[in-house]
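Participant: Residues per chain, in single letters:
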Amino acid sequence: MTATDRSTATPSLPRDLVANPTLSRWVTVDDDGTIGVRVGKVELGQGILTALAQIAADALDVPLSQVRMLRAHTTDGPDEGMTSGSMSIVDAGPSVRLACRNVRALFIGEAARGWDVEADQVTVEGGSIRTADANRTTTYGELARRVSLDVPVSAEVPAKIPGGPRLVGTSVARLDLPDKVAGRPAYIGDLSLPGQLVGRVVRPPSVGARLVAVDETATAQLSVQVVRDGSFLGVVGADEAEVERAVRTLRRAADWDEADHLPDEDDLPGYLRAGPHETIPVVAEDRPQGATRRLRASFSRPYLAHASMAPSCGVARWETDGSLAVWSHSQGIHRLRDAIAQVLDLDVSSVVVEHAENAGCYGHNGADDAAFDAVLLARAVPGRPVAVQWSRADELTWAPFGSAMAATVEADVDDTGQVHSWTYDVWSQGHTSRPGSAGAALLLAGAQLSTPLTIPAAVDPPSSKGGGTTRNSVPIYQVGPRRITGHRLLETPIRSSALRSLGSFFNVFCIESFMDELAAEVGQDPLEYRLGRLGDERGRAVLERAATASGWGDSTPEDVGRGIGFARYKDSEAYCAVIAEVEAGQEIRLRRLTIAADVGQVVNPDGTCNQLEGGATQAASWTLKERVRFDRRRVTSDDWESYPILRFSEVPEIGVHLVDRPDLPSVGAGEAAQGPTAGAIGNAVAAAVGVRVRDLPLTTEAVVAAIEAD
Amino acid sequence: MTQQFTLTVNGETVQVEADPDAPLLSVLRDDLDLKGARFGCGLGQCGACFVQLDGKVVSSCDTPMWAAEGTSVVTVEGLGSEGALHPVQQAILDEQAAQCGYCISGVIVRAAALLETTPSPDADEVVDALDRNLCRCGVQRRIISAVVKAGART
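Chains as they are written, first to last, in the numbering used here: chain L, 2 to 711; chain Y, 120 to 273.
Isolated chain Y (complex conformation):
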């Protein structure tokens, strides 16, 4: 039942064998060992598994592999590197804008996409962008402030 898929993940071309209906999230986590996108609901409702797909932020948990074929995927791991974090990642650390951190990958992916289109967002723009991301620890205020600061820095 599996099929071969070719896509670009964090700048590298990869080929994977997968069920066409398998969610992109499972392939990223299990086949490509990229654990940064987290499983939160499997329903596209919480944002913990957000990735960029051809520049657009999507829930990888309800993106089937057949829809990911030939696309370019960027996960939280692809945004920064050791010693050169993405400005959003750095700002999250600077503001200590996380508690359990489970939602933070998806938040970072969404916020990084925001800075692509709106390099210096104000708080309202950040809130609009992140309204599909859920955070249960209640760190939203710190996150908003961190993303605004990341924008001011870039």
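Pulled out of the complex, with its shape left as it was, chain L reads as follows:
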């Protein structure tokens, strides 16, 4: 988008409509009445397309069954940037609503012209367009050919209708689940395009390894084509078994030059603190002299894997005219398109990327990289689509990780518990290396080509988008003058990028753990202590709701502890409080999570609850179990045994309570529970065993070690 576009646009249009003002990019109406809605946000299993369909159906006054959500597409659909940061309902919701109201107004106008009545005499109900006296009726389908949607959207649409929302606010069932539950094709790995070939990449054994030599004749007996460009090595063929055999053969026939350059996995805080860093000042207030009592603590978390259930997959086809079609489960198909064009020096207009779903990704996993792998392999077979399927090991070792983090917090507190100063430093790698970040293409295979791409260290989103390392690093509580600083590591061999909630998960864990330490120092109840320093009314309501629902204050057995975690995501979005109940018997067992949240107007209550439950369960898995493992050369956690996640036998019971605010704007729910869950579990463990563990994950072994050291 150019500066001119911005300045001439009507200011009241939502951002994504300013960038994509033509109605037909968003909405198409077929003769049979089907209304296609195409957004730039993508389904990741979070149910966003169902929520947006609810908004569209209400704005058009049609039944939900008349709306069909279409796949995001770089040419046919709007560019709405990334599907990330819990921003989809914030970005796309108002855009879809206004675009659909425009469409409704155009169809009403056309009907009124045809009937020679005033537009205000025409209404729409249940998809039926009719005069107020209902003597004349028509439908969207019947008028479809007479109404052009190739027109700019207008901010000046008559505010709609008595009656208000019908579907918004209700728990509409997910539109995409019936296919998935029946086992029908639904994911990118289920695509079977005409002439589709199988592609596999022989990834290096370690990060930075260089392919010295490979005997390509080793595969001469197999019907496959070997593709090599520098250290990028891959295979294309028609038969999967043959291709897999070729991969195994090439792996044996390849000679790699490797080096030991990974950090010591047992001293990640030391590694992160050593630098060099970019300093990110968040708040710099002066600390008063004459401190009363000063408390200090340090925390850490390891690298975490996205660990999608489906290894990444990409499909690409080079057309004979040199243009390129790509199918990807990327969270940002436009950024991916631009990056591919940049690396291969193509005109952006000759690259088309269409979204195809895959399993939940929870951030920047291998999706974009697998798409680029497919592009490189498909170049060897023009006209034929090539589907590249990553292995489980590829996904767990080559997809970017959520960065390891370390923090030190220091506070001055008096006997009443009042905090007179708060100093917080957090060290981390950057939290985004998505294609296009820092102006670089950032596609994995790019670094392996004979003319390699430079892959800079991950950066952080700007503070206006919540930051990365420093996301949620400012306590929501009154803690006196604050000095809060982030330190982003600038050089590292480990690729890090966005993992659900970015730095928020860890920062909230630290803040909430330390709040309990302060409360304990002055002998106060953790809930009362927080409420005593929390002015925000919405926040108080959420915290109190969670406490009441969980039975906070009721007595518990001796080996059971309860803990609180609370935050407002990105300081400006969803409020979420979590109460955890942990049993410390032979092992640490998370028994229950009680969650309360305020996400503004709730579009789909059950969908919101599902996101909060899932987010909390996943955060519990990070908190209790997860840690990327490596030696000084290779990532060694490459399957589900070496990278265990929470199993059915380990998931807690969960209760979710929404504080509905129908008059306030909707905000996303998908990341709100991450940090509060970690804080709550940490505090519950401390309450159960009487010793605080500040380094994640809180495995039974780690807790036992802390008790023994105490």
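To be clear, the hints were calculated from the coordinates, so they are not data collected in a lab.
Computed from a predicted model, the values in this text were never measured in an experiment.
Some hints here could point you the wrong way.
Far from chain Y by the CB rule (all over 10 Å, computed), these chain L residues [stated by the list, open to error]:
(1) THR140
(2) ARG175
(3) MET310
(4) VAL349
Below, computed lysine to aspartate or glutamate pairings styled on DMTMM-like, alpha-carbon distance capped at 20 Å [as the list claims (entries may be wrong)]:
(5) L:LYS626 - L:GLU654
(6) L:LYS626 - Y:ASP250
(7) Y:LYS268 - L:ASP607
(8) L:LYS626 - L:ASP696
(9) Y:LYS175 - Y:GLU244
(10) Y:LYS268 - L:GLU654
(11) Y:LYS268 - Y:ASP247
A few chain Y residues that don't get close to chain L, going by computed Cβ distances all over 10 Å [unchecked claim]:
(12) ALA137
(13) ASP173
(14) SER191
Ideal Cβ placement from N, Cα and C applies to all residues, glycine included.
Once you have looked at the hints, place chain Y on chain L.
Facilitator: This is chain Y only, laid out in the frame that chain L set:
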């Protein structure tokens, strides 16, 4: 290198040409166009590719074709039909017990097998049965509740 194999899939006898070492999962997905069993790990560790083989739940990703010869295979597609979903499938929809849905085929196959032997399982029995199924979206609690309800209904 390929060989002919005969097996029963969802009640129909099929003959396929395949490499004896090829995983059953590939044959189901690529040769028989049954995409319901999903590829999750290829290691028999996650359950996304679960099918019933002669009534026993197995990972189809590490079941070679030579071991599938002559067996009767039931995939998620064979459990229910359009308009007549298996009770577990219906309960998963009723409870909205999925997010991305990638693990759900394998979960349904495993849970359906549980209901064969234990028609009305309690939550603990469901948890035991599903402990080899991984779910990354964190929908386990909903799934447990859905399977218990499916059992209560049958």
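Participant: Hints first: check each against the structure and report whether it holds.
Facilitator: Comparing the hints with the structure gives:
no.: 1; hint: THR140; in the structure: holds, 27 Å
no.: 2; hint: ARG175; in the structure: violated, 6 Å
no.: 3; hint: MET310; in the structure: violated, 4 Å
no.: 4; hint: VAL349; in the structure: holds, 30 Å
no.: 5; hint: L:LYS626 - L:GLU654; in the structure: holds, 18 Å
no.: 6; hint: L:LYS626 - Y:ASP250; in the structure: holds, 16 Å
no.: 7; hint: Y:LYS268 - L:ASP607; in the structure: holds, 18 Å
no.: 8; hint: L:LYS626 - L:ASP696; in the structure: holds, 12 Å
no.: 9; hint: Y:LYS175 - Y:GLU244; in the structure: holds, 17 Å
no.: 10; hint: Y:LYS268 - L:GLU654; in the structure: holds, 16 Å
no.: 11; hint: Y:LYS268 - Y:ASP247; in the structure: holds, 16 Å
no.: 12; hint: ALA137; in the structure: violated, 8 Å
no.: 13; hint: ASP173; in the structure: holds, 20 Å
no.: 14; hint: SER191; in the structure: holds, 18 Å
In summary, the structure is inconsistent with hints 2, 3, 12 from the numbered list given earlier, while agreeing with the others.
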